[in-house]
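Chains as they are written, first to last, in UniProt numbering: chain A, 1 to 341; chain B, 1 to 341.
No wet-lab data here; the hints were simulated from the structure. Treat the hints with caution; some may be incorrect.
Beyond 12 Å from chain B on every Cβ pair, some chain A residues (computed) [said to hold, decoys possible]:
(1) P21
(2) Q106
(3) E214
(4) V271
Coverage of chain B stretches by chain A, computed from C-beta distances (three or more under 8 Å per stretch; other residues unrestricted) [claimed, not checked]:
(5) 46–56
(6) 70–79
(7) 91–99
(8) 312–320
Covered stretches of chain B (chain A as the covering partner; in silico rule of three or more C-beta atoms under 8 Å from a C-beta of chain A) [stated by the list, open to error]:
(9) 250–263
(10) 294–300
Glycine is no exception: its CB is placed at the ideal position from the N, C-alpha and C atoms.
Spelled out, the chains give:
Number of protein chains: 2
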Amino acid sequence: MSDVKIRNMEEFAALSGISRPTVSKYFHDPESVRPSTRARIEAALEQYDYRPNIFAINQNRKQTKTVGILVPYLADPVFAEFARNIEQRCVDMGYRPTIFSAHGEQETENEILENLRAQKPAGALLAPLGRASDVAAVKAFCKDVPTVLFDSILPDVGMAFIGSDNPQFTRLIVDYLCRTGEPPCFFEMKTPTNPNARKRRQSYLDAMQALGQEPQVFSVDGADWHFEEIGRQGGHQVLRSGEMKTNTVLCSNDRLAIGFLTACYELGLKVGRTEDCAIRVAGQDDHPFSRYTCPPLTTIAQDYDSVSREAVATLFRAIEGEDFPYSIKLFEGKLVMRESA
Amino acid sequence: MSDVKIRNMEEFAALSGISRPTVSKYFHDPESVRPSTRARIEAALEQYDYRPNIFAINQNRKQTKTVGILVPYLADPVFAEFARNIEQRCVDMGYRPTIFSAHGEQETENEILENLRAQKPAGALLAPLGRASDVAAVKAFCKDVPTVLFDSILPDVGMAFIGSDNPQFTRLIVDYLCRTGEPPCFFEMKTPTNPNARKRRQSYLDAMQALGQEPQVFSVDGADWHFEEIGRQGGHQVLRSGEMKTNTVLCSNDRLAIGFLTACYELGLKVGRTEDCAIRVAGQDDHPFSRYTCPPLTTIAQDYDSVSREAVATLFRAIEGEDFPYSIKLFEGKLVMRESA
DNA sequence: ATATAATTTTTACGCGCGATAAATTCTTAC
DNA sequence: GTAAGAATTTATCGCGCGTAAAAATTATAT
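Take the sequences, apply the hints, and build the full model.
This is the structure in structure tokens:
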């Protein structure tokens, strides 16, 4: 490895003994040049450590190799998991993904979209804030950048939506809970930002009706992303109110459930499905930590892998020029039975 | 808002009635032009929605407005919290931060560093993998990009290191535990990737000696980033071995502690500091979820805010041309007393 | 050996903006 | 009203690379 500093492709081409346009072609696609010239370029590459200037490339290509990934709240392990999964898949496709988080705020989401658009990405994978999103802004973004939405749907925005079949989630776990004990009441935030929450509530009501059970919904205050705290405080409220007609609680998501479990602990209520327990608690999502709560949380596992894979696949079909109508694809969840219910 | 599409600064300048160099100057610093011309530009800006091409800008400026943020594992809420905090501060400084995660792998860390370098960022904030880092690669990166390391130190790499005073953490909690009950044994991973873990162990040994207590260390297997699972399995192992000479366990970090708590639960051991409890468990870090474990985890709170603030401030002093010698700044932790110990 | 196809080289332009120097216009103070 | 100072305009390069067309070279098939 020589330590001669190479300023640009011109210099590198001269040193490798190949013309600049051919070198340029090589960097665009190594397979597109004759094996013998490829070998010469790669030999020079090992000797001189040159990399094309990424800004000059992006300025001149209509399409960059950048992919934007935007999630509503990165400190939420569910989205950290999605981001990690999707990022890896983009890298494998030879693209350069960048992760952004809206931190739960519309203004931030819009700013990120603006900045992202300026980078002319090849595409974007977007889990919008949901109810808190500026739909017009997201739509405008999608007009410029091929975008696939995931996790949280904004109807007819983007090229496709990939997510979880929330009604199925809730049906499945309501069914299980009814089969194994008292029918559950439903614990949720009054004003959830995520549209999935509304679907889960509705699906709870439907499932209970289908089973001939009387539903009971507790909607607690709290509008930000501190779900555990909302679950804990709301849990205290509900548990102390004495209004619960059942010993079983289905939480709208695992993070609320984690907080609810804390409330149970603080009130001295033993949680679980054995005889000596006072209450059963279940969640939805299979949050990465739900295996480690005490007791471990019974929940419905999101199919992170399938959702991520399909979202990325769909985006790249679009990037590669395939034309297809707007579509929605939902994946089913699996019941994860643990001790809490 | 007119829907005339503007191709470049030339066109925009013409439409706003100002010359291109002045417009360019405006975008570089709005304060640098006369108020009357600023008003005219901003009026045109509202009418025509033009944004300078970011690639062209970065190609021509020696220094970009990009800042790279790299953490070892973004799905770990501790690093998600750091990333969020630091990102916000960079935005406030008028820069465009980008978050990357090494996902616990050296190869990924190196690739990110390579890509980042190609982007000629104004600076970088780096929490390296630690023991698993390719020190030479990181050093090479720091030679090209002003870099401040945080959380995990690589001695003499970067312009400065900002982190937590791990010995103080451990001293503080060992002290507390000894004062309020039996002296703790220490629970850790045998081969931690993070150098802080070694400091904590050593500091545990020192603190115990200073207090005239006999130390006991349990080092369990497991080398990846699934700390909770390592804590759980290791917990089972330790608890069943019968080798614990005390009823108090200090875990090297909160994530291990969370897994250890699960092990306790699974073995039917009641955790807490009341008389009816079999064991006390404490962690270190004040992981965002440690408030919600059952029982809530007693721990030492990292000063996320101070570390982030100081790291960003140090970086920007360097970016703005200030010259200073390599320095290390450590922040103290605060004892967070909860029910687990 | 020759014709044909496939690559590579040469040459030249363009992308959108930063930067600079000289010429011009505007501001401010007297 | 005038002169000095500040801001703006005009004109012109340069950044590093994509891209296109024509000319030259090489590889492949007959």
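Contradicted hints - numbers only:
Numbers 4, 8 - these are the hints that the structure violates, sorted from lowest upward.
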